[in-house]
Structure formats: structure tokens, C-alpha cells
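Participant: Protein chains in written order, with this note's numbering: chain C, 1 to 280; chain B, 281 to 545; chain A, 546 to 816.
Hints should not be assumed to be uniformly reliable.
What the hints assert, rightly or not - Taking beta-carbon pairs under 7 Å as the criterion, some of the chain C residues facing chain B (in silico):
{"hint": "1", "residue": "G111"}
{"hint": "2", "residue": "N140"}
{"hint": "3", "residue": "Y142"}
The hints are simulated quantities; they were obtained by calculation from the structure and are not laboratory data. Predicted model only: the values in this text are computed from it and were never measured. Beta carbons are placed, not taken as given, at the ideal position from N, Cα and C, and that holds for glycine.
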Amino acid sequence: MGSGESIAASATAKLEARHVRKEFGTGEDRVLAIEDIDFVVQENEFCVIVGPSGCGKSTFLYLVAGFEKPTAGEILLSGRQIEGPGPDRGFVFQEFALYPWKTVLGNVSFGLEIQGMDKKEARRRAEEYVKIIGLSGFENAYPHTLSGGMKQRVGIARALAYDPEILLMDEPFGSLDAQTKKLMQTELLRVWAKTRKTVLYVTHSVVEATYLADRVVVLTARPSRVKGIVEVDLPRPRSYTDDEYLGAREKILGLLDEEVVRAFERETSQAQRTDEGPAT
Amino acid sequence: MPSKTPSLRVREAVVFALPLASLIVIWQLVASLDLIRILPFPADVGRTLVNLCRPTRGGTPILLAHLGASLFRVGIGFSLAMAVGVPVGLLMGINKHVNDLLHPVLSLLMPVPTLAWVPMLLILWGLGDRTIVAAIFLGGFFSIAYNTAGGVRGIDRDLIRAAYTMGASKWTLFSRVLLPGSMVSVLTGLRLAVGYSWRALVGAEMLAAAGWGLGYLVFAARAFSAANVMFAGLIVIMVAGYLMERYLVGPLEKRTVQRWGVVRA
Amino acid sequence: MRRAGRARSILSSAGSFILPLLLLCAIWELVSRSGLVKPVLLPPPSKVLPRIITLAATPTEGGGSLLLEHVLTSLYRLGLGFCAGGLGGILLGLAMGSNRFVNGYFNPIVSILMPVPGITWTPILVLVLGFGDPTLIAVTFIASFFPVVCNTASGVRSVKKELIWAARVMGAGRASLFLKVFLPSSAPHILAGLKLGLAAGWRTLIAVEMIASALWGLGYMIFDAKEYLRTDTIYAGIIVMAVIYAVMEKAAFGFVEKKTIEKWGVVSEIA
Chain C
1 MGSGESIAAS ATAKLEARHV RKEFGTGEDR VLAIEDIDFV VQENEFCVIV
51 GPSGCGKSTF LYLVAGFEKP TAGEILLSGR QIEGPGPDRG FVFQEFALYP
101 WKTVLGNVSF GLEIQGMDKK EARRRAEEYV KIIGLSGFEN AYPHTLSGGM
151 KQRVGIARAL AYDPEILLMD EPFGSLDAQT KKLMQTELLR VWAKTRKTVL
201 YVTHSVVEAT YLADRVVVLT ARPSRVKGIV EVDLPRPRSY TDDEYLGARE
251 KILGLLDEEV VRAFERETSQ AQRTDEGPAT
Chain B
281 MPSKTPSLRV REAVVFALPL ASLIVIWQLV ASLDLIRILP FPADVGRTLV
331 NLCRPTRGGT PILLAHLGAS LFRVGIGFSL AMAVGVPVGL LMGINKHVND
381 LLHPVLSLLM PVPTLAWVPM LLILWGLGDR TIVAAIFLGG FFSIAYNTAG
431 GVRGIDRDLI RAAYTMGASK WTLFSRVLLP GSMVSVLTGL RLAVGYSWRA
481 LVGAEMLAAA GWGLGYLVFA ARAFSAANVM FAGLIVIMVA GYLMERYLVG
531 PLEKRTVQRW GVVRA
Chain A
546 MRRAGRARSI LSSAGSFILP LLLLCAIWEL VSRSGLVKPV LLPPPSKVLP
596 RIITLAATPT EGGGSLLLEH VLTSLYRLGL GFCAGGLGGI LLGLAMGSNR
646 FVNGYFNPIV SILMPVPGIT WTPILVLVLG FGDPTLIAVT FIASFFPVVC
696 NTASGVRSVK KELIWAARVM GAGRASLFLK VFLPSSAPHI LAGLKLGLAA
746 GWRTLIAVEM IASALWGLGY MIFDAKEYLR TDTIYAGIIV MAVIYAVMEK
796 AAFGFVEKKT IEKWGVVSEI A
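Chain C on its own, in the form it takes in the complex (with noise of 0.2 Å):
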């Protein structure tokens, strides 16, 4: 993927990756998370990032999101470069984040009421998406009172309700069982149809990411790269087990397990420990 390519791209490319690399800590203590990435994700496109553990693509996506400043390198969102977090990027957290003190339509409705929505319009707004994501008749539930799928889904719906130019998804339904997960992939695809916003996901599963992309993105084992991308030209919905699919997912895997060895060797032979950034 050279940046001609990149150039080539630009004409419908929501978001843009730029020789973006990332290192944390200072002095002795530096850690290399990211070393080079550089891809583009297009308009309306549902893109998955996979990678070993560690190889950094949730401080990746964390770098799109604007919670943390690359190194060096740039990315741009619809051309412009980001510059922090807000609103034209929806996220979508692993641990989904729910305001405990709000019922579910309050924490649906909280990003148009900080963006300076009507209070009558954003919980107009807000009743929609919690119908789109199926969860009727529990607006005024809180969130301890349900389950991590009802959670997540109440987590996505309040990402799109104040409709942002890209979803950002950490891993989303790794919290969750392994039914819950295959539901849920197959829910947020109905709910995605409806919207077609672009996705930048990240998942360290293949068989998820196979379900889900129109492309995936493979990174190396850390300090990352990429190593490699595989479109997936799919109609959906998809099986889990014809040949199309596992010829896919074969693809992937093969880019995938050399990095996955690499980055397990790297950990049993060194008993270092890195504090800062994310888990992955």
C-alpha cells in the first residue's frame, strides 16, 4: 500500500491514514506501539482492523478518536486533520461505558444535549434509535439493569444517534458470550444497512472480522505495520461456514499467524512490562 495509491483514493476516502506512527513513554522506558500505518478507509465502507495481541490497533483507533496525538504522521477525516475527540467521530466502547445515573434514552439522548439539541427534538431522536436497535420499552431502564448485549447496543445507538461522519468500534463485543457476540454481529449489520455509515472496526477475531468487512486491515505484530489488506466482496448476509467465506477467512489467517507467532514469542522471551496505552 504505497501512498500512491493513497492519492489515487482520496477522491472517496472518508478517513486517511498517513505514515502515522506512535511511540509512548520517554527515555529509556520508550515504547514503539505503532510504526508506520498508512491505509485509507472509503465512504460508506464497514473496514475491521485485525492484529496479533499488543500490536497496538486500539491505540490506533484511539489515535483516529483523538484521545491520544500520533507521533508522527497524519490523519485526516473527510480531508481535514483530527485534532481531538468530537462529534463527527461516533465511538464504541469495549466496556460500552453507559452512564450509570442515565436510563437508557438519557444516555442515547446525551450527545445531541451536549451538542445543543432541543431537549423535546433530542429525545425524539433518542426513542428512534432505541427502536432501531430493538430495545422498545426499556427507555427508562438504567444500565445495571441489563445485559452486556442490551448495553452494547444501547452503546451503539448513542454513537449514531448524533450522526457522526465515521463509527469507531474498540473490539466491541469481546465483553460478551459467545451467542451474544454472533447476535450482535448479525444486529449491527441490520442496523448498519440502514445508515451505511463508515466503520473503522477493530477485533483480534478473524472469524468476526470475515463476518463483518468489506476490507480488513492486517497489522503486524508490534511496533505495527501493514502487513497486508484483504478485500471481502461478500454479499451479506454471509455464512459462517461456505466456501466463499473460508476462503476469506483463509486469506486473512495466512497474513495473521505469522504475526500472531511472532508477537507470542516476543512476549514469553521478555519479561518487560509497558503501562502506557491500551491493552491491545
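Please arrange chains B and A on chain C, whose structure you already have, making use of the hints.
Facilitator: Structure of chains B and A alone, referenced to chain C:
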């Protein structure tokens, strides 16, 4: 959470009261056997208690007047501690520099008994309400500030990131995320402070009151060897303290942190 | 390489603690000298700190240092009171945590008696035990007793069922179960309770020394100083008290915690 049936409540009350009743029985036994010379009989103390509650010529029953004075002081002192402690705690939680500056001082001064400040206060203001209220303030302030600061710093980082990502300004973050998010700790701090304030009140009244107050009552009674009055006063102090610690912060907790499921009911 | 790193980190954490204190001392010095507050009320550190030295150097009748005499008297009372309170608290706490009936009987009593300030017990104790050491040690005992009971009991009650079952399955009898499962498991809670008990005991002791005309002891020293308007002694006493407490806490518990909780990786910040 299902509400308790009346019969369950009665049973709970009985189970609670029985051991206390047994204590009174032991007390009676010890007194009758004259094991401790000065110990008054429970019956005498009870009678004194009732007497003190009878209205006098001036109007208010003596005991209530003392109780009122104490409650008045604790009310003001505690409110002040809250009004100053919460903002200071919030500031410490938000701003790293403020925290780094104040934290060592706070943690060094916190274990100092509130009464140790009273001699200073006595020099400053002599006997009377101001000294006592100041002591109460000091008693409650530290725990409120400390717990509030801890509460703010302990907020899930993701909640803060989520707010920023939705476009929250610093002020919005503060008022709509940090404040409710630290509620559990703030309430814990308040609950502890109620206990500390009450303690500070009683001690300060023993040293610095000039006529009214439960602490003063007990202290003076001892000076006159009026054991009955002393015990009566102590019982009132005990019961009032218990009720305050248990029921003052409770309703607030119910409406906030318990409803949000952050704390087990 | 590692040892140098550790030494550096201890130094830097001590530094981050001391530096703000030094800064505050500087501000204190300036405020006192500026005349904003009456000099009597806020003597500057340049007066208070030397006062500590002076008090330490002043001889008593029997020879020996005045300050030391006060401090040792207080520590002596704290030692006896806290040991008794701690021991008693652990015993009752263990009983309450493991036996439903013991808990049912003592719980209401403890709940009612615990919020009673130690100072409040003083008049009764003075009536019964008179002024002097017995009353003070008794008050320290009471103050340190309750936090230990509560934390120990809750520690025992919070032992995970799985751990008990695992031991039973391996054939542990009552005594083994107690010594090898309950005790180590509730160790963090017990230690937290002891920490709280020490703090409560120390605080209450100093406070009661003021009320109970002790003649010797830090609390008495502070209280008595007001008669002569010696605010520098008062502040000196408060500082000494705070420092002693900090040292006690680090020394007494730091060591025990290292050998037990930290080694086992169980959370130590329960208090």
C-alpha cells in the same frame, strides 16, 4: 428491590433490640452486686432521663435544650464542611497540580484528632459556639475532601472519553459526568463526616462549651458527680449519633447511587 | 540496573511527597510573617520547628527530655490499649464472622456502641477508674477495638465459598480450615482493620489526654500549652503527632504487608 413486610420489620427490630436489652440486664446485675461503686441503676437513669424531658418553668425541657444546642452546632459545622470540602475535593480530583500540592498535607493532617485543634481555637475565640463549630468543621472537612477527590479520580476513563467524543466542553464534562460519577465516594465521605462531626461536637463541647450542649451536660455532670445525669446524657449522645449516622445520608443514597445500581442496596 | 531504578523511584515518590510540603512550609512562613494573621495564632515554621528541638532538649526532673517523656508516655498508653483492642477485636471479629449466633448477638451492640466517640466514654471511665493511665489505656482500647472487629468480621464473611469447598474436598478439618483458609484469606481485611484501629486509638488517646488531665502525654502537652498561650508548642505537638503516626503506620504495617499481602498479590488497599 421488594419492600419489607411489616412482620419482617417487627422481627428485625426485635432481633436487634434483644442483645441491647440483655446489656441493660447485665448493667442492672453489675449495679445491684455493687461491683462498681459509682455505677447508677438503670432504673434511676431512666427516671432522670424522663425528668430531664419535662418542660420547665422557662418552657423547653432541659434535655431538649441541650440537644437543640448540640444539633444546631453540628448542623452548621457539617454544612460548612460540606460546602468547602466538596469543591476542594473536586478541584483536587480534576487538577493534578492542586492534587499534588494538597494531598501530602491532607494525608498528614487527617489523622490528627480534631480535638488537638481545640486548644488553638480556644486561644483564638475562647469558649463558645464559634470554637465548637470550627472544631466540627475540621472534623468533617478532611473526610469529605479526601473522599470526593478519590471519587473524581476513580471515574472510569471511558466515561470521560465518551463525553469528549460526543463533543462535551470542559464544563459539561464537569457538571454532567464528573459530579454524578463521583457521587458514591462523595456520599461515603459525607457519611463518615457525619460520624466525625458528631465526635468533634461532643469533645469540643466538653472543652469549650459555656452552658449548653450534650457534651457540656455530661462533662458538668461528672464535675458534680451527678452520675444519673451523666449516664442519661451519654445515652442521648449514643442514640442521636447512631440515628444520624444511619439515617442522615441514607435517603440521599437511595435516590442516587442505589437507584443507579452503583451500590448494592 | 533494576536496583538503581527502584532506588530512583523511592526517591522520586518521597520527593513528590516532601516537595509540596516544603512549598507549603514556605507559604506558611510568608503568611505568618506578613502579619495577615495574628502572630500568636500562626507562628511560622521557623519558630515551630526549633520549638520541637527545644522541647526535646528541655530536661525533666528525672533527667531525660521533656518532649521525649510526653511522647513515650503517650506511646506506652497506645501500645497497651492498641494491643488489647487489636487482639480482642480480632478474636471477637473472628467469632462474629464465623458464627451466625455470635454475630446476631453482638452485631446490634457493636452498631450502637461504635459511633460513640471515645471521648464520650471518658466521664464514665474517669468515674470508675479515676484520672490517669487506666482510663487512658481503656479509652485507647475501646477506640481501637471497634474498627478491628468490624473489618475482621467482614473479612471472614467475605472468604470465597469456592476456597472453603476446595479445602473441604481435599479433606481439611475444622482447625485446618480455620488456620489455612479463613485466616490467610481474611488477612488483608484484618490488617486494614488494625490500621484503622491504630489510627483511631492514637487519635482518641491524644484527645482524651486533653480532657482527662493526664499530666504527661502529647495531648496533655498541647492542651496545657494553651494556658501559657504557647501556640508554638501547640503546633509543635501537632506536627510531632502527625509524624509519629505516619512513621508508625509505615513501619508497623509496611513490613507486615510486604511479607503477607503483597507477596500473595492480594489487594492491599481495602481501607
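Participant: Check each numbered hint from earlier against the structure, then list the numbers of those it violates in ascending order.
Facilitator: Violated hint: only 2; rest satisfied.
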